[in-house]
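Novice: So the chains spell out like this:
There are 2 protein chains.
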Amino acid sequence: MGYQNDLILRSARGEQVERTPVWLMRQAGRILPEYRAVRNSLSGFKELVETPELAAEVTIQPVDLLGVDAAIIFSDILVIPEAMGLTYKMVEKQGPWFEKTIQSLDDVVKLKIATAEDLDYTIEAIKITKKELNNRVPLIGFAGAPWTIFSYMIEGSGSKTFSKARKMLFTEPELAHQLLQKITDSTINYLKGQIVAGADIIQIFDSWAGILSPQQYEIFSMPYLKQICDAIQEVPVTVFAKGAYFARHTLAQLDCNTIGLDWNMGIQESRNIIGDNKTLQGNLDPCVLYASYSEIEKQTKEMLRTFGKSRHIANLGHGVYPDTDPDKVKCFIETVKSYQH
Amino acid sequence: MGYQNDLILRSARGEQVERTPVWLMRQAGRILPEYRAVRNSLSGFKELVETPELAAEVTIQPVDLLGVDAAIIFSDILVIPEAMGLTYKMVEKQGPWFEKTIQSLDDVVKLKIATAEDLDYTIEAIKITKKELNNRVPLIGFAGAPWTIFSYMIEGSGSKTFSKARKMLFTEPELAHQLLQKITDSTINYLKGQIVAGADIIQIFDSWAGILSPQQYEIFSMPYLKQICDAIQEVPVTVFAKGAYFARHTLAQLDCNTIGLDWNMGIQESRNIIGDNKTLQGNLDPCVLYASYSEIEKQTKEMLRTFGKSRHIANLGHGVYPDTDPDKVKCFIETVKSYQH
Numbered sequence: 013m014g015y016q017n018d019l020i021l022r023s024a025r026g027e028q029v030e031r032t033p034v035w036l037m038r039q040a041g042r043i044l045p046e047y048r049a050v051r052n053s054l055s056g057f058k059e060l061v062e063t064p065e066l067a068a069e070v071t072i073q074p075v076d077l078l079g080v081d082a083a084i085i086f087s088d089i090l091v092i093p094e095a096m097g098l099t100y101k102m103v104e105k106q107g108p109w110f111e112k113t114i115q116s117l118d119d120v121v122k123l124k125i126a127t128a129e130d131l132d133y134t135i136e137a138i139k140i141t142k143k144e145l146n147n148r149v150p151l152i153g154f155a156g157a158p159w160t161i162f163s164y165m166i167e168g169s170g171s172k173t174f175s176k177a178r179k180m181l182f183t184e185p186e187l188a189h190q191l192l193q194k195i196t197d198s199t200i201n202y203l204k205g206q207i208v209a210g211a212d213i214i215q216i217f218d219s220w221a222g223i224l225s226p227q228q229y230e231i232f233s234m235p236y237l238k239q240i241c242d243a244i245q246e247v248p249v250t251v252f253a254k255g256a257y258f259a260r261h262t263l264a265q266l267d268c269n270t271i272g273l274d275w276n277m278g279i280q281e282s283r284n285i286i287g288d289n290k291t292l293q294g295n296l297d298p299c300v301l302y303a304s305y306s307e308i309e310k311q312t313k314e315m316l317r318t319f320g321k322s323r324h325i326a327n328l329g330h331g332v333y334p335d336t337d338p339d340k341v342k343c344f345i346e347t348v349k350s351y352q353h
Numbered sequence: 013m014g015y016q017n018d019l020i021l022r023s024a025r026g027e028q029v030e031r032t033p034v035w036l037m038r039q040a041g042r043i044l045p046e047y048r049a050v051r052n053s054l055s056g057f058k059e060l061v062e063t064p065e066l067a068a069e070v071t072i073q074p075v076d077l078l079g080v081d082a083a084i085i086f087s088d089i090l091v092i093p094e095a096m097g098l099t100y101k102m103v104e105k106q107g108p109w110f111e112k113t114i115q116s117l118d119d120v121v122k123l124k125i126a127t128a129e130d131l132d133y134t135i136e137a138i139k140i141t142k143k144e145l146n147n148r149v150p151l152i153g154f155a156g157a158p159w160t161i162f163s164y165m166i167e168g169s170g171s172k173t174f175s176k177a178r179k180m181l182f183t184e185p186e187l188a189h190q191l192l193q194k195i196t197d198s199t200i201n202y203l204k205g206q207i208v209a210g211a212d213i214i215q216i217f218d219s220w221a222g223i224l225s226p227q228q229y230e231i232f233s234m235p236y237l238k239q240i241c242d243a244i245q246e247v248p249v250t251v252f253a254k255g256a257y258f259a260r261h262t263l264a265q266l267d268c269n270t271i272g273l274d275w276n277m278g279i280q281e282s283r284n285i286i287g288d289n290k291t292l293q294g295n296l297d298p299c300v301l302y303a304s305y306s307e308i309e310k311q312t313k314e315m316l317r318t319f320g321k322s323r324h325i326a327n328l329g330h331g332v333y334p335d336t337d338p339d340k341v342k343c344f345i346e347t348v349k350s351y352q353h
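Protein chains in written order, with this note's numbering: chain Y, 13 to 353; chain E, 13 to 353.
One should not assume that every hint holds.
A pair counts as met if it fits within one copy or between any two copies, since identical chains are not told apart.
[Stated by the list, open to error] Subject to a maximum C-alpha distance of 25 Å in a straight line, what follows is the list of computed SDA-like cross-link-like pairs (lysine to any residue): (1) K176 - G320; (2) K143 - S116; (3) K340 - S116; (4) K310 - E246; (5) K176 - K342; (6) K238 - E27.
It is worth saying that the hints were derived from the structure and are not from the lab.
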């Protein structure tokens with residue numbers, strides 16, 4: 013493809029790299045004053061998601077300002093339920109809120125299977141971003157994992173326990189599977205559209221993986237992750253199942269290139285469980301970026317040493333917290349980029 | 013002591029039992045209409061905590077109504093910060109809220125080390141409960157783990173990430189240790205008072221254990237848990253560190269009798285990591301109680317079979333959810349009580 017910097021693609025594929033590539037989850041976001049300036053000129057978060065030129069602009073900001081080795085398209089995992097028929101609001105400081113939720117089989121039947129056309133604002137944002145990036149670094153596309161999207165569609169908002177969503181798995185497993193399948197079909201359509209538009213890697217976020225029991229994760233999340241991984245063969249795929257430490261051995265069986273680790277997951281232990289055929293991504297505690305520069309350097313180097321040079325994409329173990337000093341983020345990035353294995 | 017039913021004490025100590033004992037976290041609570049009747053007659057949750065006669069009444073309800081093998085004193089882990097000088101409100105449907113939080117070393121210095129006398133309402137509730145229980149079953153006393161209490165004292169409320177509390181560990185580790193020590197000293201005073209008043213077992217709840225990295229858990233939680241376990245030699249101690257799967261091998265080194273498991277933790281895996289010298293408590297997914305009676309029986313039996321007869325105290329892997337049908341709770345309890353190993 014002729015990227016000036018294709019480190020992340022080569023690392024995902026297990027090829028040789030000169031150094032470890034680095035990017036941050038939520039790098040296009042509130043940590044950057046330049047992002048906040050764009051965001052504050054609009055009515056809300058969703059307007060930014062749905063305005064391709066501006067979404068592209070904030071996607072590219074961290075490449076220019078922080079020097080990361082990949083861009084990730086600015087969007088939201090909840091565009092999928094919206095495209096299926098459930099609109100949501102992003103309530104300031106509280107998170108997403110759905111007016112209508114899924115409570116019956118009839119609700120599921122009424123949902124449409126989304127196509128890439130239904131999400132043309134993100135597809136268009138990807139096209140603009142690709143053009144403006146001009147092959148400097150690869151672009152990551154993404155979607156939520158079906159289980160995580162399902163949780164929001166049942167609960168209607170975030171939750172500490174997601175017990176309504178989990179209740180549904182016990183009381184109406186058939187409804188759950190039908191909904192999960194519709195989400196999966198929609199997600200595959202969407203991701204294929206992202207790839208056609210130019211996404212070079214795909215990441216699947218299973219943000220609420222950690223609230224399922226190991227048994228239920230196998231039944232209600234894994235088969236749908238598998239369908240997505242099997243369907244996406246065009247580009248490397250990363251699966252980040254936050255909190256699903258118990259599922260690392262089965263995640264390792266997925267046809268994906270990279271497994272994301274959160275900061276609770278031991279690096280060496282994860283490598284032993286997952287084996288040598290996957291790239292690992294992560295996993296510095298985002299709170300380390302609140303520490304002194306010398307402490308950030310120390311902990312980043314320790315992380316890099318433990319992962320080793322090949323098959324590692326440096327990142328935090330979760331999205332960067334909004335109140336993190338951008339200079340501390342740069343310290344993390346520069347430490348990775350200058351590290352000699 | 014001459015209990016009619018001392019199964020839980022014997023199981024905690026690794027002695028022989030005729031059958032597995034069973035109780036539920038949050039058994040004295042909103043699942044019972046009889047609890048809601050008492051609660052609704054008052055101005056709020058805290059009035060119930062602070063009225064010994066009524067706290068004793070709701071403590072005993074699940075013994076009478078559900079047939080559990082232990083009572084747990086009705087109280088709240090946040091009585092400790094309040095006794096130290098930070099008052100809180102319990103906001104309906106939102107959880108605890110502290111008007112003032114700890115932000116500086118000066119704030120820490122101003123806090124007092126709580127004594128059992130500062131928490132006389134709970135001590136009195138324990139005395140009344142013991143009298144009314146009349147040795148039918150043992151009474152569990154409890155407190156929050158220092159790390160969990162620390163989190164609330166910094167954040168001032170619940171949080172998805174507890175990033176303010178975790179930030180403090182990186183930016184002001186000395187302040188953190190001083191505060192954790194004051195909480196620990198207060199907690200030991202409180203627990204000693206509970207034991208003198210009649211508590212037969214002590215449980216330490218480290219509810220936010222799972223948001224720390226393995227390294228930070230060793231530094232900021234474990235030493236304080238150790239101090240508490242070392243100080244409490246009078247009665248069996250249970251440590252429930254929710255989400256701290258990564259710390260099971262070090263939790264096993266504590267001088268306690270029982271380790272609580274959440275529903276993410278594999279039973280056999282946990283036994284292998286923790287060894288045979290601890291009793292394990294847990295760990296059915298609370299959402300299983302939303303399933304059919306036959307499914308509850310099936311999953312409960314499967315759990316009992318996997319744990320084995322000795323060194324197991326049956327429980328859920330988290331507090332029972334408030335909207336659970338009490339008849340489903342009874343089904344869980346009866347299944348445990350009638351199970352033939």
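Novice: So, for every hint listed, does it hold in this structure?
Specialist: Evaluated hints:
Taking the shortest Cα distances, K176 and G320 never come within 25 Å of each other, neither inside one copy (41 Å) nor across copies (31 Å). In this assembly of identical chains, the alpha carbons of K143 and S116 never lie at most 25 Å apart, being 44 Å within a copy and 49 Å across copies at closest. With identical chains, the CA atoms of K340 and S116 are at most 25 Å apart between copies only, with a shortest distance of 22 Å across copies and 48 Å within one. Taking the shortest Cα distances, K310 and E246 never come within 25 Å of each other, neither inside one copy (38 Å) nor across copies (43 Å).
In this homomeric assembly, K176 and K342 come within 25 Å of each other (Cα to Cα) only across copies, at 21 Å, whereas the closest approach inside a single copy is 40 Å. Taking CA atoms no more than 25 Å apart as the test, K238 paired with E27 passes inside one copy only; the shortest distance there is 24 Å, against 46 Å between copies.
Of the numbered hints listed earlier, those contradicted by the structure are 1, 2, 4.
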